[in-house]
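Q: Kindly generate the complete structure, drawing on both the sequences and the hints.
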Amino acid sequence: MTTLTVRQNRRKRTSRNGGSGSSMWDATLLTKVMLGFTIILSAFPIYWMIIIASRTNSDAVDTPPPLLPGGNLGENIRRVLADEDAQFITGLVNSAIVASTVTVSVVIISTMAGFAFARLHFKGHKILLLAILMTMMVPLQQMGIVPLYRLMVELEWTGQLQAVILPYLLNAFGVFLMTQYTEQAVPAELVEAARVDGASTLRIWWNIVLPAVRPGMAVLGINTFMLIWNDFMWPLIVLAGNPTVQVAIRNLNAQHSTDYVMIFTGTTLSVIPLILVFILFGRQIIGGLMEGAVKA
Amino acid sequence: MSLHTDSGPTVIAPAPRQRHAAPGSGRRFRSWLDLKAVPYLLISPYFLLFAVFGLFPLAFTFWYSLYDYDLTGSEKWVALGNYAELLSDSQFWTAVVNTLAMFVIATVPQLLLALMLANALNKRFRGQLFVRMGVLLPLVTSVVAVAVVFTQLYGRDWGMVNWILSWFGVDPIDWKAERLPSWLAIATMVDWRWTGYNAIIFLAGMQTIPRDLYEAAAIDGASRRRQFWQITVPMLRPTMIFVVLNSTIGGLTLFAEPIMFYGGRIEGGSNNQFQTVAMFIVQKGFNEFEYGYASGAAWLLFLMILIGSLINFLLIRRIGGRK
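Protein chains in written order, with our numbering: chain A, 1 to 296; chain B, 1 to 323.
Careful, some of the hints might be misleading.
Distance windows between CB atoms, simulated [said to hold, decoys possible]:
hint : chain 1 : residue 1 : chain 2 : residue 2 : range
1    : B       : Leu-306   : A       : Pro-187   : 34 to 44 Å
2    : A       : Arg-203   : B       : Arg-224   : 35 to 45 Å
3    : B       : Phe-289   : A       : Arg-195   : 54 to 64 Å
4    : A       : Arg-283   : B       : Gly-250   : 17 to 27 Å
Simulated from the structure, these hints should not be mistaken for lab results.
Bear in mind that the values here come from a model prediction, so they are computed numbers and not experimental data.
For each residue, glycine too, the CB sits at the ideal point set by N, CA and C.
A: The following block contains the structure:
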């Protein structure tokens, strides 16, 4: 699929110069209505979540349902944070620690490997890269869950954060993305020129590659953070009694199944950090997604 | 190429040359080390992790699947016994059918909608970034959050979906009680979260199609619809393969939505009516401690994913129209 990439990139460039001035590309009224409707559909469940989180349980089961926020958000947040079974604060802190540790590590590991695969020559280069591509097709999380769990039991790591951090560091997509990105952002001649000047490989990585691939690192970082923050299956299994935020929501749900307001408030609290990240970095996230897609 | 490639990499200062006139052989060794060993050093963290958290669990999953474990932790060699038992286990087959059905119900409309949406996003209008962010907003919310909200919307007594349906004279539906309604409910959760994402990916693919192609087709009198099916869809094939393979893996490993739909429990309804294979694995492995049985199911799931990916890959190749 990599050869397609090159062809597509070339195509893209020519298309920019192509006559895109004609009016056939203007959105019709129907298109605009459809887009508006999609945005409403996208936003509504999140809006609904906030409405319920700011109301009382009797409002939540009203017909017709309430469509405006109420004034109970502060009280509801206090109730969620105080609930001892759900351990919500623990969950938030744990998720922040896990997601940021994994993000930083994955970005470093992927940038190193990406540089090696994109610009260095070594034996086994092709087959190792192929191995990485193949692992992207294997749902390791579901496949290897039993031995991984038993490994964690042997190490007495169940309930401890390293039990979720370490397996997440394996991220084939990250290496793939950074390989692609380095190929594009760091010209081979530049690496050769630095060599002639006597720079060592590590120095080239640090002084030339890292500054050049920073945008790619940002994209990978944001994606990894969201992925880890939202993950559910592995923490649910291995972190008994010491939940991440997603597991804390599940605990709220299991223990207060009729207390919608409380569940929705917890869910709102878990989503807000990511929505903030999204609002701040929306442009980069979308750019990164689109770039990664055309390359894969 | 929306990310800037124009910010040229900083030029490094030339390294101090031969500060201590090292003996020739030492320098040659260091340069050999630098050229031959450092590349492996750079990729070693990844492959170390790959060995411990990738290869080891995969191999041991297979090893475990050949043993029968009981609650006391004692093990007995059963060769392929677990697989034989799985293939005659009606709960396993229920989970397989549920997983495949939800995959199809969720994926087919999702990809069609995503294509239409991408086509709309590819037009010229104001506020592009805002619209794209709006479309992508569901992706930011966690699967668990999506499931919590939708489960409430699909509530039997006070859910908004039943309330809206009641305007059209539909009696309240107990969405969790039976197979088809629960599949539909879960499929909408999946679609809400992923349609926008796939639309953005399709959009990226569409932007690589030269616009002159459409203009030439328009001059030849081809309608919009015809342009879409004869130019856009065939040219999007590589992107479609990416999206469909992604959806296949994601769909067949569905886990969080059906769990949250049943209040955080693993059984997927009173008769397992919406239990997926991934849930089955976790139930057997971690609630009933049948490590061998769960491992066997994991390999069968992997097989399902391989076959599913292959079928979808071949399907998409045909859609492209080239023989």
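Q: Provide an ascending list of the numbers of those earlier hints which the structure does not satisfy.
A: 2
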